[in-house]
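When you get a sec, could you build the whole thing from the sequences and use the hints?
There are 2 protein chains.
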Amino acid sequence: MNFDLLTTDNNSQARAGMLTTAHGSIETPIFMPVGTVGSVKAVTQEQLRNDVQAQIILGNTYHLYLRPGLEVLSAAGGLHSFNGWQRPILTDSGGYQVFSLAANRKIKEEGVVFQSHIDGSRHLFTPESVMDIQRTIGADIIMAFDECPPYPSEFVYARKSMELTHRWLDRCIKRLAETQPAYGHEQTLFPIVQGSTYKELRTISATEIAARECAGNAIGGLSVGEPEAEMYEMCGLVCEILPVHKPRYLMGVGTPWNLLENIALGIDMFDCVMPTRNGRNGMLFTWQGVINIKNKKWATDFSVIDEQTNCFASNNYTKAYLRHLFAAGEILGMQLASIHNLSFYLQLVKAAREQILAGTYAAWKAAMVPQLQTRL
Amino acid sequence: MNFDLLTTDNNSQARAGMLTTAHGSIETPIFMPVGTVGSVKAVTQEQLRNDVQAQIILGNTYHLYLRPGLEVLSAAGGLHSFNGWQRPILTDSGGYQVFSLAANRKIKEEGVVFQSHIDGSRHLFTPESVMDIQRTIGADIIMAFDECPPYPSEFVYARKSMELTHRWLDRCIKRLAETQPAYGHEQTLFPIVQGSTYKELRTISATEIAARECAGNAIGGLSVGEPEAEMYEMCGLVCEILPVHKPRYLMGVGTPWNLLENIALGIDMFDCVMPTRNGRNGMLFTWQGVINIKNKKWATDFSVIDEQTNCFASNNYTKAYLRHLFAAGEILGMQLASIHNLSFYLQLVKAAREQILAGTYAAWKAAMVPQLQTRL
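Residue numbers (full-length UniProt numbering), protein chains in the order written: chain A, 1 to 376; chain B, 1 to 376.
Check the hints yourself; a few may be wrong.
List time: in silico PhoX-like cross-link candidates among lysine-lysine, alpha-carbon distance up to 25 Å [as the list claims (entries may be wrong)]:
| hint | chain 1 | residue 1 | chain 2 | residue 2 |
| --- | --- | --- | --- | --- |
| 1 | A | 174 | A | 160 |
| 2 | B | 160 | B | 174 |
| 3 | B | 160 | B | 108 |
| 4 | A | 294 | B | 41 |
| 5 | B | 106 | A | 41 |
| 6 | A | 41 | B | 41 |
| 7 | A | 41 | A | 108 |
| 8 | B | 174 | B | 246 |
| 9 | B | 106 | B | 174 |
| 10 | B | 41 | A | 296 |
| 11 | A | 246 | A | 199 |
| 12 | A | 106 | A | 174 |
| 13 | A | 41 | B | 246 |
| 14 | B | 41 | B | 350 |
| 15 | B | 246 | B | 350 |
Don't read these hints as lab results, they were simulated from the structure.
Below, the structure is given as structure tokens:
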């Protein structure tokens, strides 16, 4: 994997770069649609490629491990072959999902014992097994196994959790060094900075993570319920410590304005279920603000969903028709909303990149944020 | 509307023709995907046009009347404008849906009083109101308001019902003559032959319907539970009576082999929810036979869904992946199965047409039917 930092904004920490993996290049800053079980919900791979113009998608290790399972993924020749997505893929480590199981998991030094949400069967994830699983899935970028503490967390718990994450990271690095990619192409590990909302811990964690000298770095444990101001504070602090010439990935974030604010702090990569999950519930993100398409006010609004987002879903269907589809419970409503939202997210980060390259990002961002937050 | 009968098969009653409406031409025999509430379930209009290559779709008057309702449809300028489908549209009369409500409707000479399945509100459909509603929806081909008796029906009930359908037909014709299309384009009425599974009644009804000299004719009340042999017998009998130079539409039919058998009897047009509804449940129709994709046997079958159906869904996704999508409850599974099935249906009737034009239909049909029925 290679990362070229092309430019940094004069009036913010925003950066434009180019990330190159075995399955192709990614222009940063980038947003990665989430394909939990190997499918970005309600969107075909053709639509993702040609309409959304996604450059990289994410898969969830926890979900893929349970279903279809490693036997099928291995027989298929990895996730790229299985789902037919030949551009880059990133997999998370399963840590976040496993910790979300709350009552159905137990954390030990060795790893985490958890029960499947599907059939209640018991499984053990260790840093080593999670590396092996990600080898079998075959993503281009793979994530270290971390513990993601909830918000709020006590300082002592957050510190212990962070230290465990650091010890697990070293086991991940060791395991990867001892094993080979399953399908011949390079797989690059990103470690994850934790530390909850404590500046002291985030500083320690970012310093520790930076010291591992991995090819890219991630920030986890944010956007888990804390106020946005705290997220930005932690993110800014960590970005100052993480190496400049390596990509920075803020996990699980967020709204369109969250993306723009965090880009200004030096983030290069994002993923979030928001454009698809909220889309399936009728929430649309547009250049003019946020639309709840289920609202009665759109019933006879025959203007297109969003003229400014260049996408067939946004330009060829009206708000009235989309509202009708949601009112009638038609699957097509979820499809169109998902495609529109993802297209908008990809075009938003593309526009951000152009502003960074033009040296005008900070002013553009300041003007855009309140507009994106408008409730239409 | 114009219908050119191009050729009739030497060894069967199969015909190839060209139907021309205000929104374009339709090659017959044709299959019409069902877009109940203005959307063919789980398929975008772009996919319908470019991948499925649908030439005409169907809308359901009952559903569209209830939701989005006539006010919205009228404000939109009709269904073509509302859903963005600029090719031909046919609407049913709501009769079949209303009679399916069973306990929640009451049939009188005037019309049918029924309760909405959505909110229980009471409504009256009369031949006149149904013509007015179809004017407002704006379909190119509109259907007469008929009573569709259940199977089995007593002879006396079936006869009375048929007679009511004939009286209602005359009221439909009168109403249409008194009113104008709402959006300037021609709307053509198809009357419906009824008579349950009684040859005597079907003969009377076909004769009565033919005497109205409408531009096209339909056969209703079949594929409602009767044995396939009875459906073919009734259909063949009616086709012998209906005028040769007008299109014949067999409503609500059916399986791929039902299509081929009825084409051999002289049918030109079909509609059915089967490719989409069964697709959403994991049943795939292919040139080699029928697949239940949920079956464990497909878990590691990495061959494409159907090599012989020319469609991105059929050619670019594997059976193993599609099975996984159904196992995981992913919407994408329903989308791909629907697109594949519809593409297959459209390519099946296209192949039938080519065989008719080549004069080889009967032999081809005889070879195809058992193959299509194979359980894979």
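Satisfaction of hint between residue 199 of chain A and residue 246 of chain A, Cα-Cα up to 25 Å: Given that 25 Å is the threshold and the Cα spacing comes to 22 Å, the pair holds.
With a cut-off of 25 Å on the C-alpha distance, tell me whether residue 160 of chain B and residue 108 of chain B pass. holds (12 Å)
Given the hinted pair residue 41 of chain A and residue 41 of chain B, is their alpha-carbon gap at most 25 Å? holds (16 Å)
Does residue 174 of chain A pair with residue 160 of chain A here, judged by a C-alpha cut-off of 25 Å? holds (21 Å)
Does the structure keep residue 41 of chain B and residue 350 of chain B at a Cα separation of 25 Å or less? holds (22 Å)
Please verify whether residue 160 of chain B and residue 174 of chain B have alpha carbons no more than 25 Å apart. holds (21 Å)
Do the alpha carbons of residue 41 of chain A and residue 108 of chain A lie within 25 Å of each other, as the hint requires? Distance of about 33 Å is beyond 25 Å: violated.
For the pair supplied as a hint, residue 246 of chain B and residue 350 of chain B, confirm whether the alpha-carbon distance does not exceed 25 Å. This hinted pair holds, its Cα atoms lying about 19 Å apart.
Check the hint pairing residue 41 of chain A with residue 246 of chain B against an upper bound of 25 Å on the C-alpha distance. Outside the cut-off at roughly 45 Å; violated.
Does residue 246 of chain B lie within 25 Å of residue 174 of chain B when you go C-alpha to C-alpha? Holds. Residue 174 of chain B to residue 246 of chain B sits at ~21 Å (cutoff 25 Å).
Between residue 106 of chain B and residue 174 of chain B, is the straight-line Cα distance small enough, at 25 Å or below? Given that 25 Å is the threshold and the Cα spacing comes to 24 Å, the pair holds.
Pair hint outcome, residue 41 of chain B versus residue 296 of chain A [Cα-Cα no greater than 25 Å]: Holds, because 23 Å separates the two Cα atoms, which is no more than 25 Å.
In terms of the numbered hints stated before, the structure departs from hints 5, 7, 13, listed from lowest to highest.
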